[in-house]
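J.: Using my numbering, the first residue of the sequence shown is number 4, and each one after it goes up by one.
Hints were generated in silico from the structure; no laboratory data involved. Hints are not guaranteed to be accurate.
[Claimed, not checked] Beta-carbon label-pair distances, calculated as ranges: (1) V126 - D197: 22 to 30 Å; (2) P162 - V126: 26 to 34 Å; (3) V205 - K176: 18 to 26 Å; (4) Q288 - S258: 41 to 49 Å; (5) V205 - D178: 51 to 59 Å; (6) D394 - F335: 33 to 41 Å.
By construction, the Cβ of each residue, glycine as well, lies at the ideal position given by its N, Cα and C atoms.
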Amino acid sequence: MLAARLKERNALKGVEVSDMISRAIGFISRTGPISQQDRWEEDAGINAFTLSICIAALVEGAEWLEPKARVFTLALADFWNAHIEDWTAVYDTDLARQIGVRGYYIRNAPTELENNPRALLDVLPIKNLALDPALPAAEQIGIDCLQLVRFGLRLADDPLMLDSLQVIDKLLKVDTPNGPSWHRYNCDGYGEHDDGAPFDGVGKGRAWPLLTGERGHYELAAGKDPLPYLEAMAAMSGMGGMIPEQVWDSTQIQSLGLYPGRPSGSAMPLVWAHAEYVKLLTSRQLGYPYDRPPATWRRYQGKRPVIQHAIWLAQDPIQEIAAGQTLLVSLFEPSIIHWGIDGWQSSQNTATLETAVGMHVAEIDTKGLHSGQRVDFTFQSADTGKWLGQDYLIGVK
4 MLAARLKERN
14 ALKGVEVSDM
24 ISRAIGFISR
34 TGPISQQDRW
44 EEDAGINAFT
54 LSICIAALVE
64 GAEWLEPKAR
74 VFTLALADFW
84 NAHIEDWTAV
94 YDTDLARQIG
104 VRGYYIRNAP
114 TELENNPRAL
124 LDVLPIKNLA
134 LDPALPAAEQ
144 IGIDCLQLVR
154 FGLRLADDPL
164 MLDSLQVIDK
174 LLKVDTPNGP
184 SWHRYNCDGY
194 GEHDDGAPFD
204 GVGKGRAWPL
214 LTGERGHYEL
224 AAGKDPLPYL
234 EAMAAMSGMG
244 GMIPEQVWDS
254 TQIQSLGLYP
264 GRPSGSAMPL
274 VWAHAEYVKL
284 LTSRQLGYPY
294 DRPPATWRRY
304 QGKRPVIQHA
314 IWLAQDPIQE
324 IAAGQTLLVS
334 LFEPSIIHWG
344 IDGWQSSQNT
354 ATLETAVGMH
364 VAEIDTKGLH
374 SGQRVDFTFQ
384 SADTGKWLGQ
394 DYLIGVK
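Given these sequences and hints, build the entire structure.
T.: Here's what the structure looks like:
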């Protein structure tokens with residue numbers, strides 16, 4: 004991502020970055036779409052914010068790759084983009100009906116989601132509370148989905164995004180005397196206790212000026228002036244104009260210097276928040292988000308891609324493909340894929356090809372299959388001849 008921004012501004016100055024980018028894309032391909040931590044460094048799973056960055060990194064980095072690697076990398080970015088809602092959105096939940104929306108993006112999808120579609124109904128522990136409220140993943144809301152708009156993967160007026168904003172504002176928004184701000188997620192415990200005592204491993208999450216800036220970037224993408232959000236961030240700053248990590252959002256405690264909309268006892272300055280303020284100021288002048296990845300925006304324009312390939316990854320084994328799609332089986336070493344249709348009928352072998360980003364990919368011709376059929380496959384190492392010892396089944400929907 005950094006290399007792409009530097010190249011855009013003719014600032015690479017001869018620095019060779021192709022090998023670094025190839026290795027970085029290989030890492031993303033071998034580990035995504037699940038990450039071991041969300042951006043708050045709390046939970047593993049699939050998070051809309053992190054996934055946005057991974058997709059954009061694949062697209063931005065693709066131009067430095069060899070042709071065969073570029074084709075695979077862009078296909079993987081498209082595949083993940085097309086499945087964002089499958090992984091990070093829920094519909095017709097009790098919460099959705101309560102607020103009056105069809106669905107919404109969630110804070111974090113558990114790592115078990117691909118193998119267990121009902122994992123969103125399982126409790127996702129919140130570790131910074133004295134008493135875990137036992138909320139399922141489907142009822143935990145964050146502001147992370149705004150990154151989908153900022154990075155050009157979804158439009159600001161996408162119906163699901165608009166519904167999600169209603170849920171976000173209902174559960175996370177705080178109107179302070181200095182302007183609006185938002186909590187990271189519902190039932191967040193990272194912040195001072197109600198009596199103002201410092202966070203000691205548990206507490207109560209407070210409002211973040213950083214998230215005021217992020218909402219400002221969304222509003223800009225929606226065609227509105229983000230000036231109110233810039234003014235709010237400035238008003239929430241402390242002495243010397245330092246922007247804090249969090250502001251107090253409860254009744255004032257004068258003896259502790261805690262006043263609504265003013266810095267709490269959290270870190271100050273939070274350089275991340277200062278960077279957000281500067282970017283929002285610049286974005287307002289440009290008329291679009293300053294850090295929107297250019298190649299990503301050109302490729303998607305905020306719209307869900309129509310994909311021709313479904314990609315089975317060793318670390319993320321999909322269980323379904325759509326009729327008319329070609330199946331790509333992507334592995335970590337050269338392999339022979341032994342596959343058949345509907346219980347190993349017409350079985351055959353297909354060798355993987357190396358992509359130059361450390362992935363070995365076999366294209367399985369499934370375009371002619373119709374809904375209700377299935378693909379059976381296993382594989383053996385092309386180097387050692389060792390069989391996996393496990394069969395996989397992928398249904399066609």
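J.: Against the range 41 to 49 Å, how does the distance between the Cβ atoms of Q288 and S258 compare: consistent or not?
T.: For Q288 and S258 the Cβ distance comes to about 43 Å; the hint holds.
J.: For P162 and V126, compare the CB-CB distance with the range 26 to 34 Å and indicate the outcome.
T.: 29 Å, holds
J.: For the range 51 to 59 Å, tell me whether the beta carbons of V205 and D178 fit it or not.
T.: 26 Å, violated
J.: Assuming the hint says 18 to 26 Å, is it satisfied by the Cβ distance from V205 to K176 or not?
T.: 23 Å, holds
J.: Holds or violated: the 22 to 30 Å window for the beta-carbon distance between V126 and D197?
T.: 24 Å, holds
J.: Between D394 and F335, does the beta-carbon spacing fit 33 to 41 Å?
T.: Hint violated: Cβ distance 19 Å, outside 33 to 41 Å.
Hints 5, 6 from the list above are not met by this structure, while the remaining hints are.
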